[in-house]
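Protein chains in written order, with the UniProt record's numbering: chain A, 1 to 406; chain S, 1 to 406.
The set of hints was computed from the structure by calculation and includes no laboratory data. Note that this is a predicted model, so its numbers are computed, not measured. Accuracy of the hints is not assured; some may be wrong.
Heads up, the list lumps identical chains together, so a pair's fine if it works in one copy or across two of them.
Unchecked claim - List time: in silico BS3-like cross-link candidates among lysine-lysine, alpha-carbon distance up to 30 Å:
no., residue 1, residue 2
1, K3, K200
2, K23, K266
3, K175, K34
4, K347, K329
There are 2 protein chains.
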Amino acid sequence: MFKINENYLKLPGSYLFSTIGKKVAAYQQANPDKAVIRLGIGDVTLPIAPAVVEAIHRAAEEMGRAETFHGYAPDLGYPFLREAIVEKDYRAWGCPVEADEIFVSDGAKSDCGNIQEIFSGDSRIAVCDPVYPVYVDSNVMAGRTGEYDEGTGMWSDVIYMPCTEENGFSPELPKETPDLIYLCNPNNPTGTTLDREQLKVWVDYANRAGAVILYDAAYEAYISEPGVPHSIFEIEGARTCAIEFRSFSKKAGFTGVRLGFTVVPKDLKCGDVSLHSLWARRHGTKFNGAPYIEQRAGEAVYSEEGNRQVMEQVAYYMRNARTIHEGLKEAGYSVYGGVNSPYIWLKTENGMTSWEFFDYLLEQANVVGTPGSGFGPSGEGYFRLTAFGTYENTVKAVERLKALRQ
Amino acid sequence: MFKINENYLKLPGSYLFSTIGKKVAAYQQANPDKAVIRLGIGDVTLPIAPAVVEAIHRAAEEMGRAETFHGYAPDLGYPFLREAIVEKDYRAWGCPVEADEIFVSDGAKSDCGNIQEIFSGDSRIAVCDPVYPVYVDSNVMAGRTGEYDEGTGMWSDVIYMPCTEENGFSPELPKETPDLIYLCNPNNPTGTTLDREQLKVWVDYANRAGAVILYDAAYEAYISEPGVPHSIFEIEGARTCAIEFRSFSKKAGFTGVRLGFTVVPKDLKCGDVSLHSLWARRHGTKFNGAPYIEQRAGEAVYSEEGNRQVMEQVAYYMRNARTIHEGLKEAGYSVYGGVNSPYIWLKTENGMTSWEFFDYLLEQANVVGTPGSGFGPSGEGYFRLTAFGTYENTVKAVERLKALRQ
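This is chain A alone, in the form it adopts within the complex (with noise of 0.2 Å):
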């Protein structure tokens, strides 16, 4: 009789957004008079850049005439889609990255979870608490991270860096050794980033302590303060420690265009074997390459009008994270992030759980958000908001929130 991989039994549920989706619609139900604001997902509101469109538009004539048609594309990608990359977000911040070390792919989070397949099975993984939950979850499907504690809500075999208030959000130097560490940078779910001076110590604790750092940069396109890296790659030695994922979703729309990129630099070794040829037969094995279309999507967003319609976008729902931010600073708040990262992390009111939190923003404020302890214990006591609704839908509910206070 076939069994299953048993590992999947370990997850625990996943109920963080269906829980808010039913008490929302409970309180909708009993409230049908209340105006509900939003602002606890993380997907984009505004419509994808004209020029992108246009590239889309052109993409699909060229599938439809027998000259122009693309068949299979190749499993790393369009060179015309890697050169771009290579040449705006590498070359142009001073990065060593060359274009056959990015691999194009349907989106960050198929990357950031299938990445771990090339690693051993044994690999100990370090995250940073809170965190995206896929980096977990991915590596409890594959049997790495021993059990879990309903009562601590951790895995016995993960190594936990918590990130709260107390350290400034900037995780600490594990104190075992661990194989994989998970950077997310800008944050999700806290919004906060590591500057350069202090993502050159995770660099040197990599390099020196044997470990690869899974980089995770798709809120790059939301830095605006200098002194933070765009690339891990901006800091030396990361080419033989590091490897970068980047999404097209939160830089130019595109959470249902899907599209998104992993740089392997091939510098990155386990002994002679690299781990650049490892993620390449990975991608021709078990992935097909990224549509054309969205591949000739993606070319747009590097072209001058493209990119100057993108960066219009983010500045839209930077004015939104900015008015979240400086907003309820203002009204007495306790507030983080929204500086180079459309999510803005809150403390919770009054020693309330992420949760009570939750309840008394819907009830009192008609406002939504995500409980911090959705996205790991040391979210336990923080809320999460995001830019990404409307600038009107924004303003409202930060008064909303004043109000409170008041």
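Following the hints, position chain S against chain A.
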């Protein structure tokens, strides 16, 4: 120091198509005046159907307007596509499949490669020989296949089911009981099929043995004979033992568009755990949905106009397949497939190995095909031609092969 997944190092180099490419390039360079015809690749050549191009344009417009913009897709696919699939691919054939059993993805290769993850690490797999390499390679990466024997080209822990002229390319039930049985019907690379009665034997066997059939129906659109099932769910009992993979790649020329789906019936269980719930968890954790634009493109394939157009393309390719099959048969070659499949499987001449025959055809007829030995040990002595060229080239290639026997 971090360690890699050592299973990746066990994989023999994947040189089939690169070796073909090098040999053809070398021949062309030495013989610049010769017009080489390529019938080796499995990629389509006709452009996307007009109704599909139209749907992509419409979807691009929607994505460009705030009121109709689509962000993250539902993990398992948009209802409009899942409903169309169920209606046209299942209900129309009397198959008991529901829309919430359809998982839309970026293609059958990803799904065929990833499906093994939800099964136990010590699962025993059975594959037809010759076979699409992804089934075995994805299990090698997961450590299920034991050791590779360079001499035989076989893995110690894989159950091989030879499909040759002797058994009419119909695999026999294995002597050892497998946990997972990969079946591809119509078959890649042989182009042959199992009929309903033959498939029923497998379904009954799997239910009896407690095995799961991983049924790859990527070439379903090419079925022309009434006795060949379009889905394994036409067979009674399949809902408790089978997962089915489908692709738009060969049906609608989507090799560069990327869209497929997998059917996991809710009745398929290990104890009280449904594989449906595991695959849903996998999808939700490591995948972020197929692009909205591609899902609308897929929907258009099921429209009256779209269906007519893609079926005209299939008919074009099948005229090529008939041309090859009948032409070569008439000339005295031993030829299989090509009736319910775009692949024609040919015995080599005079006991040549597959690669000897490759060189022979390249040099004597300037025709490129794929050596059968590239698909597994029992493919030795066979050769694959595909129907995806132009009709004119296909006719020419057949004339040249005929001439070799005169």
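Going down the list of hints, with the structure as the test:
1. K3 with K200: Classified as between; 23 Å across copies, 45 Å inside a copy.
2. K23 with K266: between (48 Å within a copy, 28 Å between copies)
3. K175 with K34: The answer is neither: 50 Å in one copy and 67 Å across copies each exceed 30 Å.
4. K347 with K329: For K347 and K329, the Cα distance is within 30 Å only inside one copy (11 Å; across copies 77 Å).
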